[in-house]
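K.L.:
All chains, please: the whole structure from these sequences, using the hints.
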Amino acid sequence: METLVNRRNLFALAAGVATVPLVSRPGFAQLAALTGAGASFPRPVYERWGQAAREGAGIQLNYQSIGSGGGINQISNRTVDFGASDAPLPMEQLRERSLLQFPTVMGSVVLIVNLPGVADNALKLTPEVVADLFLGRITRWNDAKIAELNRDLRLPNLPVSPAYRADASGTTFVFTTYLARVSETWKSGPGAAVSVQWPVGNGARGNEGVANAVRNTPGAIGYTENAYATVNRLITTQLRNKAGNFVSPTMASFQAAASTADWAQPGFAADMVDLNGADVWPIVTPTFILLPTNPVADRVTGSRNAMRFFDWAYKNGAEAARRLEYIPLPDAVHAQIRASWSAVKDPSGAAIWTA
Amino acid sequence: MQQPVTSPSRSSGAFGDKLFEWLCRGAGLLVLAILGAIILTLLVGALPAFREFGIPFLWSTSWNPVEGRENYGAAVPVLGTIITAVLAMIIAVPAAFGVAFYLTELAPEWIRGPVGTAIELLAAIPSIIFGMWGLFVLVPIVQNYIQLPFGEILGSIPLIGFIFESNNFAGTSVFAASLVLAIMILPFIAATMRDVFMTVPPVYKESAYGLGATRWEVMRGVVIPYTRISVVGGIMLGLGRALGETMAVTFVIGNANRLATSLFDPSTTIASVVAMEFPESLMGSLKQSSLLALGFLLFVISFIVLASSRWLLRSRLK
Numbered sequence: 001m002e003t004l005v006n007r008r009n010l011f012a013l014a015a016g017v018a019t020v021p022l023v024s025r026p027g028f029a030q031l032a033a034l035t036g037a038g039a040s041f042p043r044p045v046y047e048r049w050g051q052a053a054r055e056g057a058g059i060q061l062n063y064q065s066i067g068s069g070g071g072i073n074q075i076s077n078r079t080v081d082f083g084a085s086d087a088p089l090p091m092e093q094l095r096e097r098s099l100l101q102f103p104t105v106m107g108s109v110v111l112i113v114n115l116p117g118v119a120d121n122a123l124k125l126t127p128e129v130v131a132d133l134f135l136g137r138i139t140r141w142n143d144a145k146i147a148e149l150n151r152d153l154r155l156p157n158l159p160v161s162p163a164y165r166a167d168a169s170g171t172t173f174v175f176t177t178y179l180a181r182v183s184e185t186w187k188s189g190p191g192a193a194v195s196v197q198w199p200v201g202n203g204a205r206g207n208e209g210v211a212n213a214v215r216n217t218p219g220a221i222g223y224t225e226n227a228y229a230t231v232n233r234l235i236t237t238q239l240r241n242k243a244g245n246f247v248s249p250t251m252a253s254f255q256a257a258a259s260t261a262d263w264a265q266p267g268f269a270a271d272m273v274d275l276n277g278a279d280v281w282p283i284v285t286p287t288f289i290l291l292p293t294n295p296v297a298d299r300v301t302g303s304r305n306a307m308r309f310f311d312w313a314y315k316n317g318a319e320a321a322r323r324l325e326y327i328p329l330p331d332a333v334h335a336q337i338r339a340s341w342s343a344v345k346d347p348s349g350a351a352i353w354t355a
Numbered sequence: 356m357q358q359p360v361t362s363p364s365r366s367s368g369a370f371g372d373k374l375f376e377w378l379c380r381g382a383g384l385l386v387l388a389i390l391g392a393i394i395l396t397l398l399v400g401a402l403p404a405f406r407e408f409g410i411p412f413l414w415s416t417s418w419n420p421v422e423g424r425e426n427y428g429a430a431v432p433v434l435g436t437i438i439t440a441v442l443a444m445i446i447a448v449p450a451a452f453g454v455a456f457y458l459t460e461l462a463p464e465w466i467r468g469p470v471g472t473a474i475e476l477l478a479a480i481p482s483i484i485f486g487m488w489g490l491f492v493l494v495p496i497v498q499n500y501i502q503l504p505f506g507e508i509l510g511s512i513p514l515i516g517f518i519f520e521s522n523n524f525a526g527t528s529v530f531a532a533s534l535v536l537a538i539m540i541l542p543f544i545a546a547t548m549r550d551v552f553m554t555v556p557p558v559y560k561e562s563a564y565g566l567g568a569t570r571w572e573v574m575r576g577v578v579i580p581y582t583r584i585s586v587v588g589g590i591m592l593g594l595g596r597a598l599g600e601t602m603a604v605t606f607v608i609g610n611a612n613r614l615a616t617s618l619f620d621p622s623t624t625i626a627s628v629v630a631m632e633f634p635e636s637l638m639g640s641l642k643q644s645s646l647l648a649l650g651f652l653l654f655v656i657s658f659i660v661l662a663s664s665r666w667l668l669r670s671r672l673k
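Residue numbers (our numbering), protein chains in the order written: chain A, 1 to 355; chain B, 356 to 673.
By construction, these hints were calculated from the structure, which means they are not laboratory data. It cannot be assumed that every hint is accurate.
Distance condition first, Cα-Cα at most 25 Å in a straight line; then the derived SDA-like pairs of lysine to any residue [as the list claims (entries may be wrong)]:
1. LYS242/A with ARG151/A
2. LYS242/A with PRO127/A
3. LYS187/A with LEU641/B
4. LYS187/A with THR472/B
5. LYS187/A with LEU637/B
6. LYS187/A with GLU425/B
7. LYS345/A with ALA269/A
8. LYS242/A with ASP152/A
9. LYS187/A with SER415/B
10. LYS187/A with ARG424/B
11. LYS187/A with GLY423/B
12. LYS187/A with THR416/B
13. LYS124/A with GLY277/A
14. LYS187/A with GLU422/B
15. LYS315/A with GLY50/A
16. LYS187/A with ARG613/B
17. LYS187/A with VAL421/B
18. LYS315/A with PRO347/A
19. LYS187/A with SER417/B
20. LYS187/A with SER640/B
21. LYS124/A with ARG233/A
22. LYS242/A with ALA147/A
P.N.:
Given below as structure tokens:
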């Protein structure tokens with residue numbers, strides 16, 4: 001009896017093994033595989049899109065957030081279908097690596113503070129003050145420069161403890177780009193990059209590390225992605241924008257930045273830092289996808305799936321992105337991006353994206 | 356006399372013997388080959404950085420990854436690595452000695468088992484756990500109960516006061532990193548010491564006691580000399596772990612590429628810098644090469660530590 005059961009199991013197993021090659025042909029119920037690697041900044045939205053696209057587009061996305069640098073390395077070696085980077089690659093690098101670049105969503109960076117008695121979005125900061133705080137020139141919170149901006153607040157006499165990302169990250173790139181834009185001293189000092197030589201403060205790993213450092217230290221100031229700050233209910237600040245208005249980090253001020261941006265740039269590398277507009281939040285950035293323009297024969301399907309996936313995401317993913325505090329791209333930009341996909345050619349020279 | 360009947364199986368035994376010998380030799384050589392390959396990979400990867408910066412790479416305190424003015428130096432992470440490891444040893448070795456001495460000489464029989472097992476369990480905790488525990492528990496303690504109450508008093512001591520004076524109030528600091536490292540390596544050192552203390556033949560100790568020696572005299576005059584090599588081996592094991600520890604340190608050291616002038620200043624270590632910066636470094640870039648160069652330096656430091664411990668013990672190794 002027992003042997004019979006075993007045999008039956010064995011038979012079922014053998015049948016299962018035999019059917020696997022049959023199923024793996026492109027069929028109705030079969031999910032198309034898509035692998036991507038890169039930036040951690042857009043990981044939550046890519047994962048959400050990936051889950052929804054299983055049913056919506058029949059695509060199984062495997063996204064590894066190994067960092068923008070890792071994503072650029074992997075797509076340059078063609079070990080994944082697409083790479084993802086927070087900072088846009090310069091045109092000559094894109095040409096050299098035969099890559100096409102396009103944005104997916106936008107995100108923003110906000111300042112978080114830990115000041116006893118100061119409510120969310122109550123503290124007003126100017127670009128100069130932010131730069132001075134991170135340069136170590138303002139060392140106490142009751143400094144006259146901060147006090148005169150916040151006459152309605154009682155600022156404690158606490159030492160300023162800046163917190164920054166210790167791991168190289170796109171968030172740091174955007175934030176330091178902003179500081180370099182608004183402060184000559186910062187530009188000629190630490191500069192703008194995925195990691196810089198911070199003059200003062202403590203480094204922590206990841207958004208969660210910075211948030212934790214700020215939460216644990218009275219008098220701390222740090223920067224994180226807006227999504228992270230919102231989900232964790234961190235105390236954010238107002239910031240004065242280029243037009244001279246104090247703005248709070250809200251969806252409205254992010255949208256204002258998105259609609260002001262100039263997308264007619266090579267590689268869609270729109271510069272969204274410190275834009276001029278009445279209600280614009282000054283630290284916003286697009287995040288980018290890198291696709292090979294000349295995929296090798298066995299990666300052609302992967303490239304097509306990547307374009308199918310992002311086409312689907314542009315059409316159906318805006319709500320999911322907004323719920324995760326990312327900012328969807330304007331529809332006009334979506335159309336331009338689809339048009340740019342014609343540059344991706346298979347080995348025979350035919351465009352892979354034809355829709 | 357009976358003739359042994361093993362002659363047919365003896366030939367296969369000889370073959371097995373040869374096979375075993377070669378397998379073991381292969382395993383031994385494989386270790387050497389892997390070690391050589393790692394050193395070579397690091398060195399080849401590090402060459403562009405060494406060529407660009409030359410010898411001053413070793414004492415330059417700069418770490419500037421901004422495009423266009425890239426400049427890397429190893430001084431901050433190298434010093435950070437050595438200082439945290441040495442501080443950790445200063446804290447951990449006496450404590451480990453105390454644990455081992457207590458467990459072998461003083462503790463009642465029923466307590467030796469549980470405490471011994473606890474030490475072994477402590478050694479098995481993954482380093483990331485120590486990192487998280489350090490960040491959430493130890494760092495606030497350092498911040499609120501050590502630095503704030505004592506920092507200023509200690510800072511006013513003439514000459515050495517600057518060691519305790521700091522503008523960093525976040526709690527993540529060289530001191531916190533050393534403390535976490537000390538707790539991490541303590542079980543390794545303590546377990547090794549306890550095991551080797553137990554190998555001392557009781558008759559030696561009893562003779563010493565018989566001559567009227569106190570416990571401390573027995574320890575110093577009999578147990579330590581008898582086990583010196585193994586004790587140093589255990590300490591080196593701990594030191595090796597402290598030098599290379601990554602996750603636990605990176606959580607609590609503050610990751611600042613600045614020279615720490617005070618115990619409470621943030622700094623960084625080689626392993627921590629490499630872990631933090633490697634994922635965002637482009638292949639073939641000067642940054643990646645500098646990170647590999649740091650890895651190579653860590654290798655060299657570990658080698659120097661091991662070699663000097665061997666050298667210190669050379670007369671007794673004969």
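K.L.:
Each hint: holds or not?
P.N.:
How the hints compare with the structure:
no. : hint                   : in the structure
1   : LYS242/A with ARG151/A : holds (22 Å)
2   : LYS242/A with PRO127/A : holds (9 Å)
3   : LYS187/A with LEU641/B : holds (21 Å)
4   : LYS187/A with THR472/B : violated (56 Å)
5   : LYS187/A with LEU637/B : holds (23 Å)
6   : LYS187/A with GLU425/B : holds (14 Å)
7   : LYS345/A with ALA269/A : holds (22 Å)
8   : LYS242/A with ASP152/A : holds (23 Å)
9   : LYS187/A with SER415/B : holds (22 Å)
10  : LYS187/A with ARG424/B : holds (12 Å)
11  : LYS187/A with GLY423/B : holds (12 Å)
12  : LYS187/A with THR416/B : holds (20 Å)
13  : LYS124/A with GLY277/A : holds (18 Å)
14  : LYS187/A with GLU422/B : holds (12 Å)
15  : LYS315/A with GLY50/A  : holds (14 Å)
16  : LYS187/A with ARG613/B : holds (19 Å)
17  : LYS187/A with VAL421/B : holds (10 Å)
18  : LYS315/A with PRO347/A : violated (29 Å)
19  : LYS187/A with SER417/B : holds (17 Å)
20  : LYS187/A with SER640/B : holds (22 Å)
21  : LYS124/A with ARG233/A : holds (18 Å)
22  : LYS242/A with ALA147/A : holds (21 Å)
Figure legend: structure checked against the earlier numbered hints; hints not met, in rising order: 4 and 18.
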